[in-house]
Each structure stands twice: as structure tokens, then as C-alpha cells.
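Q: Spelled out, the chains give:
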Amino acid sequence: METVKITIDNKIVEVPKGTTIYKAARQLDIDIPVLCYMDLPDLKIEHKPGGCRICSVEVEGRRNLAPSCSTEVFEGMVVTTHTMRVLNARKTVMELILSDHPKDCLVCAKSGNCDLQDMAIKLGIREIPNQDIAEMSTYRKDFSPSIIRDMDKCIMCRRCETMCNEFQTVGALSAVNRGFYSVVAPAFEMDLEDSPCTYCGQCVAVCPTGALTEVDHTNKLIEDLSNPEKTVIVQTAPAVRAALGEEFGMAPGTSVTGKMVSALRQLGFNYVFDTDFAADLTIMEEGTEFLDRISRHLKGDKDVKLPILTSCCPGWVNFFEQQFTDMLDIPSTARSPQQMFGAIAKTYFADKIEVKRENLVVVSIMPCLAKKYECQRDEFAVDGNPDVDYSISTRELANLIKRANMDLNNMQEEDFDKPLGESTGAGVIFGATGGVIEAATRTAYEIFTKKSLDKVDFKQLRGMEGIRQAEVDFDGTTIKIGIAHGLGNARKLLEDVRAGKSEFHAIEIMACPGGCVGGGGQPLHHGNLEIIKKRTEAIYREDANKPIRKSHENPYIIKLYEEFLGKPMSEKAHHLLHTHYSDKRKKIIYMK
Amino acid sequence: MSEYKIHALVCGGTGCRASESDKVIENLQTEIQKQGLSDFAQVIKTGCFGFCEKGPIVKLIPDNTFYTQVKPGDAREIVEEHIVKGRKVERLLYTAPDSDEKVSDSKSMNFYKKQIRIALRNCGIINPEDIGEYIARDGYEALGKVITSMTPEGAIKLIKDSGLRGRGGGGFPTGLKWELTRKVESDVKYVVCNADEGDPGAFMDRSILEGDPHTVLEAMAINGYCTGASHGLIYIRAEYPLAIERLKIAIKQAREFGFLGDNIFGTDFCFDVEMRYGAGAFVCGEETALIHSMEGNRGEPTLKPPFPSVEGYLKKPTNVNNVETYANIPVIINKGAEWFAAIGTEKSKGTKVFALAGKVNNVGLIEVPMGITLREVIFEIGGGIKEGKKFKAVQTGGPSGGCLVEKDLDTPIDYDNLIAAGSMMGSGGMIIMDEDDCMVDVAKYFLDFTVEESCGKCAPCRIGNKRLYELLDKITKGNGEQADIDRLINLGNVIKDTSLCGLGQSSPNPVLSTIRNFGHEYEAHIFDKKCPSGVCKALMIYEIVEENCVGCTACARACPVGAITGERKEVHKIDPTLCIKCGACEDRCKFNAVIVK
Amino acid sequence: MGKVKTLDDLRKLKDELKSKTSLRDKSEHPESMVQIKVAMATCCIASGSRETINYLADELEKRNIEAVVTQTGCMGYCYAEPTIEVTLPGKEPIIFGYVDEKKADEIIEKYIRNGELVEGIIPMNYKNIEDTTK
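Residue numbers (the working numbering), protein chains in the order written: chain B, 1 to 592; chain P, 1 to 597; chain F, 1 to 134.
Hints may be right or wrong, so weigh each one.
[Stated by the list, open to error] Mimicking DSS-like on lysine-lysine, the simulated pairs with C-alpha atoms at most 30 Å apart in a straight line are:
hint	chain 1	residue 1	chain 2	residue 2
1	P	Lys-157	F	Lys-14
2	P	Lys-113	P	Lys-407
3	P	Lys-315	B	Lys-44
4	P	Lys-183	F	Lys-18
5	P	Lys-474	B	Lys-103
6	F	Lys-18	P	Lys-23
No lab work stands behind these hints: they were computed from the structure.
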């Protein structure tokens, strides 16, 4: 590889041609401050718009300062990162950015977790000149079921745009208006709710300030927990336990299942259950549906729709309901684990504990912001009473635990309650990309071949590649499986399906990078995707340690069918555990 | 065939059309017909003459009679007197501002004397909607010559040797730009014409497109041949409907004649042009922003490199030149590099078109050789300052430029001298200011423009220009503090140092150059709370001179806010806390009793 | 209109079209060519000056002589109409009277081509023709 030698702050470094000053400096442990920049190599995204200009450095012989994040080095380049000219420029630009940013840090949702705040501290900003005469660009607050946009706090780093447009290919956000009044917004400045937004929350996950935040239900939860009339039960998604510890200073990849259960119990939930239980239930329904389709296909039924697409990711469901409305009959009709849990909790379980539906509050802890929307969908309510009352994110839970003067580090390990807290390893791996399809494969294989698996790990289905494919031998029948995480990757697979070019029998899709572990409701990774990989490892570790690793062997699932549902895809199962999709294209304005 | 003995050239540019030049043409034609002279005289709608101060213009050929401010009703007299009887219509002739004499022959007008028209050679002379007239004046000869007898390298060398530099503002050597695009290997390349003229007051590109659209098409085809592109795109602002119309006609005609399309001049060179419409954002004059806009993305710049010559439109090598640059190309090919290089200064060859505006007698479009002095432009071509007032400053380079003053008047104008003097060439705007202009207010005016036109992508430009404007506004309102000047200078320098594109890198120039040249005016605003030029309203105090006031009450009745009190036949008084400085009292007073301090 | 296939085609086309704008080209530098002014007041037109100006312009073009033919008001020599003023490059203007087509032909061939004086010159009792039009 061709390399060039450059000097940065009097130190010489040799780097490959095409390297940026910023990256070259990192090799010398020179940490040039960056604000709008975001590097996500695993997602093949390097966001370097050169917008904030905080990373400016001085290059010998150059007329003006160079943005180090996006300026490539050249042979013999001499760079200084801390001349008075640079420091003054950096400070002045930072003062400018702050002059157009609200100063309500005390009550901001991002306070303490804000890149802008950190930068102000790092650059030693103590006052903002002429703030008294400085106009602030203001914009209406936009509330959607999942995400709140407070664009007064937007610093135009445009990271959200990159996630929404390049990675997710959703195209809900882009810069509108010009100059001082530029702002990131949906087209025609419509509300997010009317835009193609899928509520995946990846914009929130990368927002450096409080401009994009989740709808916060913690106060509502406190109210319900303190209401003696209500029985409040909670379900926790698999990815939550792999990330919650980070908020309490634990190393990424620390699994905190038992501590989390004990914290939830101390918070006052009447029952602490596991979404993993519902994940096992999902496998029963979705796996059966898959086997049904594949058997018909193998028998030569030309009408059968293949590949089958997983349907547990609500961001993904929102995506295809808007962008692939011609293919609504392809995804599995199985509801997501969150919703299966709610449906069972408010029927089977409510009957068991003899609590009226309206007095039972089902709360979910999710790594996800789209779940907040999903549980509000009309089809998941009975007489206006939702199966899942509301969903709070991993971040909100961490906040609540802290507010209750608890430190997760010091919690005892406890077990989930029965019956809806018992799960298998198959349920746990729902939290990582490839996990749902691996769980389905474990069950489908045994039912299809009527043989027992010697090895339940399907390593070919795991990994961080955006699009993966694998073949699984079902005792002579080759099953072709596709996996995508990130909606941009999903779009590619979907377009092949639409064009009739897809050879897959089943495709698993997750909207977020790495699957739910990288969800929009997780602790912020601040651009470090190694964290997501560590969470994934935690998930698979937990699976490996489970005594039962196949959904259909979960005794409480077996019991649920015996006592209540009959068999998978029965009429009752269909009513409670399946759904339908519809064209959800919103206010799309067709331009002439 | 019998030829017309008289050609009546009537300006059909945007400005003159706005003052009914279409109707003038119609009436002239009717009158000529009435006189039975339809074979003798013809009326031709041309592009802009540049002398927009006095439009609509009608010029009679061959004796170069130059009629100004012609109204539709004047057509009859022009035909009956001049065309029939050979008698000039005195009252419509141009009056020289210095001598007050009528000038009949445009060749003896100071406005035209020092001009050398290369880019504007056909403007005001040919009918832009008739390709025949363009061909008659050597049109498409250069294209034919290049593609049938020259190699791309040879033609590029010719352009390089001519010393032509980009006329859009950057001043990058045109031949070198072509060579860079040529050298990149790619199956598809693009040639783009930047017709997104955005400087306030500048309209040379519009005039060329309206008056001589074929020259741009010819040059783009030459550019395509040289760089290896077969697709041409013209990015033009949608606010230029007439230029768009003329271009459409020209493209159609050029295709019919085979100057665009497949196998041009029987060779295997194929080239065609399509138009893209911009919404008129100033920043889209920046080439990367322009390309993003053409791609359907938000019109905002990205960092160079990669330069468009490597990665441009649809990620393909793209050569972007501006309209005026293109207009020079066919002439350079036809007359040779040496001919062109003989005009101008050592490092800036040829001519430059300027749009004269502001407090100068002859407002309009001029084309002058590089190296001409500002004094010649303002006082000879421009006819000096209006109403005999004193020259104060000239802003070159539009909102990105700086102001130049008396001491700079004898500097030969070229790219490098203007930069050395603290301003720039830009696209050729030239705004002249006199003693009545307040330089703080002028800086504020330009900042207002850049604040409006910033795309909002980078923080220093998006927020910094706004803050500069606010500081200037504070000073003009009389609230300035000592520290504000230093803040302006620091902020201005940081914005220049850190902005992403040329817009922000130059937007503080008006502020910095006015502080440099007119620091005392800033100080007067800040320390004395006075606007020396009497422009800044907030700093004016209206007072009544007791000796002169007769108590007629006229001022009190004129005051819209009731700030003036006083009994009949007694001295009146203005309450400064109520006064809104509208000046109505001053206008109304017949006794010079109201004064402004 | 067919497509232009070669540079020669273009040049031929240009020659055909040249006359469209040649008057304008000439007016850009009249001092370098023969300038003829034809008096065109009412009385002149009555005595045939329109025919004279047409004849002069067409013939000069045909005979490939670079000339600008303009019209002007009454020169004051009404007895000798049609009258014309001819200025050869670098020379003083000369006025001819009674210029009908035959006379015009003679002026072209003798005076304009060869500088030979022909009959019919009106003595110069004025400074500049423009003065007489004022």
C-alpha cells in the first residue's frame, strides 16, 4: 500500500495514502477534538461532513485552517493541532455553536451524556460573547409516539441524517431551510409521525445533544407503581440485560440479568417477567408458519409465498408497511414477542391471578424506541385497552433505578417470576442479529426432520456483516437463509425478492445495527461499535449457559399450549398471537 | 437579393423588456411597413447593450445612432424622421453627463470607448434567436476547427497558452482545469455550465445567455471534445426565464444544424446539452454545491478534494466553467492564444465583464481589458459619480469582496491586484459608493445578504455571519461598545479561517475591509454615537432651530407619532424619545427650521 | 435545413448568411472602409435618392467593395439632388450631385476604386456634413 510521511505536532508518522489528518493524528495519540464526526467502520459509515469545524488544524502552506476529519494527508504535510490560531478558532467556533444552543442543560434529557456539553468543558468555554444580542434559531417541538424532536438543540451535525438516509435508507430526515434557520426535519417540515420514519431510533442513538430523544414514560410508570389499584407487571427484552450494566459503569458485555430482576422487583413491580418467554412462543408460531409454507412449497404449491420474513422487529415492520406495500403477504404474521407477551399476559395470566384487564398494567423494558409505537397500534388493544400499556427503554430503566437510589452493581441476583419468566437460550438470542432465525432453525429442524439436534449452535448465522447468507441442511433438504441488519441492507434483500431474484426460504431482518443490542433505546455507544459486539457476546454467552436452548422444550410454553392455546396456529393462537399488515404510507405528497 | 440598408437593433434583454422594448419593436415594424420600407429597413431584437441605465435602447445601423429610453410612442418619429428622411431624432439621443452634449454615434460615447467586447461581442448586435446571425459572425467555426483539425491536447494547450482564467470568481486557469478533467480516466464525463449567477447586481451571465446563447453551447461542445465528455449540463437559475427560453431555442437550432448531437462535423464526436434549473441559491454558484443540487440533493458544498474534475456529477469527472468563461473560448480558438494573451496584464489575460452599479452615472454592463484602472472604469466609462458627489469607495467581488478606496483607484484591475488590495474579482460586481454612504451600513447590507444565502452546513458561516450582522446592527443602532470592533475582527478572521466553502471564507471581507479603510466611521458610531454619513436612522437626532421656527405647526401636523409639540406662532419642539426619524417634519418645513444632527 | 457535416459546409453557409449581419459588422469600424452618406430628405427622396441608396449599397456589395452606406438629412444642395458624400479611408469627404444610377456607377468605378475624380463634385463650402443636419 502506498504510504505518505507527515508531521503532526512535530512527530512524524507514516500512514496509508488517503488517510485523514484526524486518523493519522490518532495513531500518534493526538486526540483532535471532533464534534459532528462519527466513524462506524462496522457499518461502513464514516460521517465527516466537515460541518462543525471544531477539528480545524493548521497545515503549513495552507491559506486557511483545515478540517482534520475530512482532509486527506499528503507527502511532507506539516500539521500543527494546537497553535494559538487553531485554539482561538476552535474556541470561537464553539462559542458560536453555543450561542445558538439553549442553556437549559440542568433539565435536559441529555445532560451528563451530551457530546456538546463535553466539548464545552474540554474547550474551557466560560462565557458566550454577545449572547445578549444573539438571536436563537427556534423550531417547534415535534412529538411522535417514540421520538421527540427538539430542534432548538440541533447543532446541524447531520449524524441523524446519515443514519436515516444512508444506513437505514428510510429518508425521513434531511436538512431543510437555509443558513441560520437550517434544521434537520422531515420533508416539507411535516411531523415525524406523518413522515416515513420507522421509529428505529438510530437518529436518537447518534444525536450528540438533546435534539432527538425518546418519549419518556418513567414518570407514568412511577405513578402506576404507586397506585394500589393496579397490578403492574414487567417484561424485559433480551438485549436489555446485555447493556444495562454500562449505565452503571460496568464493562460493555456484562450480563446483568439477575441484578436487573432484583432491581425491578425492588422498584415495586408485582411480577417480573421475561420477553424471552414470549420469544420462545414466537418461535412456536413463526416456526410453524414457516414449516407450513416450506412443506407446501416442497409439495409443489406455486401459490405459497417464500421467503418468509421475520416480523419481530417493529422498526422493520414499519419500514415494509411503508416502502414495500406490494409485499405485505410475505412477512410472517406472527406478532412480535413484546405483543405476544402482552396478549398472553392480559388473558391467560390475568385470568390466572384473577385481575381485571383494566387493572393490569403491562410494561415492557425494551432496547428499542419503535416498541413504544408498536404497543400503541390499534390492532394490539382490546376495547381501547392495550395489550402492552407502554414501553420504556434501557436508558429510561437505568435512570429509574438510579432515581430509586439503587446501584445495579450492588444488587442480588434473582430469578424471573413464573410462568411468563421462564425461557430458553433460543429466546435470549433474539437480541442479536441472526438470533431469531437461529432460534427458529433449532425448532424447525427438529419438527421438520423429527430428529434431535446434536449441536444447537448455528455459527454460520452469526456475525456483524450487514447482509449474510447461510445454508442449513434439514436432513437432505437445503434451507437457504438470508439475514440483514440495518434497513438499508434489508432493502437490498427485499428488492431481490420483489424482482424474483431471491432464492432464500427465510430471511431475518433487524432494523438496528447488530440487532436489538444496537437498538435506539440502548445506552449510547457514542460511535464505538465495539460496545455492540461485546453485548452480542454477552447474549450468546447467556444462551450457552441456559439448560434448555430450544423454544419448543420450554416447559411453560408447552403448558401454555396445553392449558390455553391448543396448538400453534390454532384459532385462539391466531387471534392472540398473529397480526396483519396494511399499507401505512402516510402523508406522501406527490410532486408534479 | 436586395439587402436591408438599415438595421434597427432593439434591446430584448430582461431590463429593456421590462420597459416595453417588445412594444417598441412591434411599433417600429408597423411604422416601417406603413412607410413601405419593409425591404429597406429591418428591426432586430438583440441581447443587452449593457447601457441599462437608459433603456430601452434602439441602435440604428449603419450610422450607429444610439437612442435611449425609447418609448413605444417614439417609434413613429424614429421611422418617419430617421429611417425615411435620414434626420436623427435629437431628443432621444444620449446626453453626455460631463459635457451635456448630445452624442449620436455610440462609438463616441465614453461608455463604449474603452471597452473591448470579447465575451459580449455579439450582445446587442445579433438576434439571439437566429442561429444564422451567429454563424454569420464566425459562429461554430471554432468548434469545427477544433474537432476536425486539432487534438484535444492541442486545443487544451491553446486555452492554457491564452492565459484564460475562470470568470466565475475563483480565477482558476481554465486550460489547466480542462486538462485535469481530461487526464482522469472514466467511461462517462460531464461538462457543466455554471449559470447560477447570484451576486447582487451582477448580470453578465444572464446577458450573455440572453444575447448570445450559441457561444455558450459552442464552447461547451469544445470543452466536451477536449475533456472527453459527451454530456453537457447547463445549471441555470429558474429566475432567468428569458435566458432559459433563448437557450432552449438555441439548443434546438444547434441540434438541427448538427452542432449538437451525434457525429458533429462528420466526426465521431458526439455531444449534447441539457438544462437543469436551480432555485437561485447563491451558494450553488460554488461548484460542489451546484453539482449536489443537480443531483437532486440539498445545494450545499462538500470539501475539495475530491475535485469535480475527479469526482463530480454522479461521481463522474466533471468540468464546471461559468458562462462568461465559456463565452471567451470560441474567440480564443479563432483568433489564437497570442492574440488573447496580448490583452490584459501579466497574470490576468483578456477582458472582464463588470456590472457597474451604485452611485455612478452610467449604470450597466461593461467589458474592459484586464489592467484597466478603477479610475478609468468609474470616471470614464461610468461617467463619474452621480450628482457630482465625492467618490468614497467601490465594492468589487460582490458580497464576498471588499471595498477599495481612493488610493486604490489607479491600481490596474486584475485577479491578483484586487486580492492584494484586500478585495477580489469575484464574478464582476462593482458597486460604487459616494460620500452619502455609511460604510458600517454597507457592511451590514452585505452581511444581510450572506446571512440569507449561507447554506447552513458549517457552523462558522451559519452562525458566525449572523453574529457579525448582529454586532453591526448593534453599532448602527448606537449601542456599540469599544470591544465590538475587536470582536468583529476576531470573528471575521475565524469565519474566513474555518468556513467550508468560498462563501464563508470571504463573507467577512466587507466587514474587515471597511474596518480597515473606514475605522473612523465605526469609531464615530461607537464613541460619538454619530453616523457621519447620516444614514443610520437610530443615530440621527431631529431638532428645531429656534431662530428659524415661525410656529406654523406644519411639522407637528406632519409628524405621524405626535412627537412635535408647540403652540401656534410659537417655537416647536421635538421629543427625541418619541421621534421615529422618519424625516416628515424636515420635508414639510418651509423655513429650514428642522435640522438633523 | 440539413446538418452541417464539414467545416467547408459551415464556411459556405456562413458566406450565404454573411449579408445578414455584414451591415452591423461594418458599422463597428466604418473608418476603415468607404463611407457614403446619401441625403435623404423629402426633396431628395422625390428626386430619386431612395433608388440611389439602394443601388449604391447593392452594387458595392456585388462588387466586393467594403463600404458603409448611411443616410443623412438634407445637405442643402437641393438643386443638385440626389446628393451623396463619399469618404475614402484617410481622405477628406467629397460631395457629388445629381447622382442617379449611372452616375453612381461611375463614382464607384472611378473615384472609389481608383481615386480618380469624376464630374459633379460640389464645391466644399462647409466644414462637416453633420453641421448641416443640425
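Q: Is P:Lys-183 close enough to F:Lys-18, meaning Cα to Cα at most 30 Å?
A: At roughly 39 Å apart (the allowed maximum being 30 Å), F:Lys-18 and P:Lys-183 break the hint.
Q: Holds or violated: P:Lys-113 and P:Lys-407, Cα atoms, limit 30 Å.
A: With a Cα-Cα distance of about 25 Å, the restraint between P:Lys-113 and P:Lys-407 holds, given a limit of 30 Å.
Q: Given the hinted pair P:Lys-315 and B:Lys-44, is their Cα-Cα distance within 30 Å?
A: holds (18 Å)
Q: Is it true that the CA of P:Lys-157 sits at most 30 Å from the CA of F:Lys-14?
A: Holds, at roughly 28 Å.
Q: Can you confirm whether the C-alpha distance between F:Lys-18 and P:Lys-23 stays at or below 30 Å?
A: With a Cα-Cα distance of about 28 Å, the restraint between F:Lys-18 and P:Lys-23 holds, given a limit of 30 Å.
Q: CA of P:Lys-474 to CA of B:Lys-103, is that 30 Å or under?
A: holds (23 Å)
Checked against the numbered hints given earlier, the structure breaks only hint 4 and satisfies all the rest.
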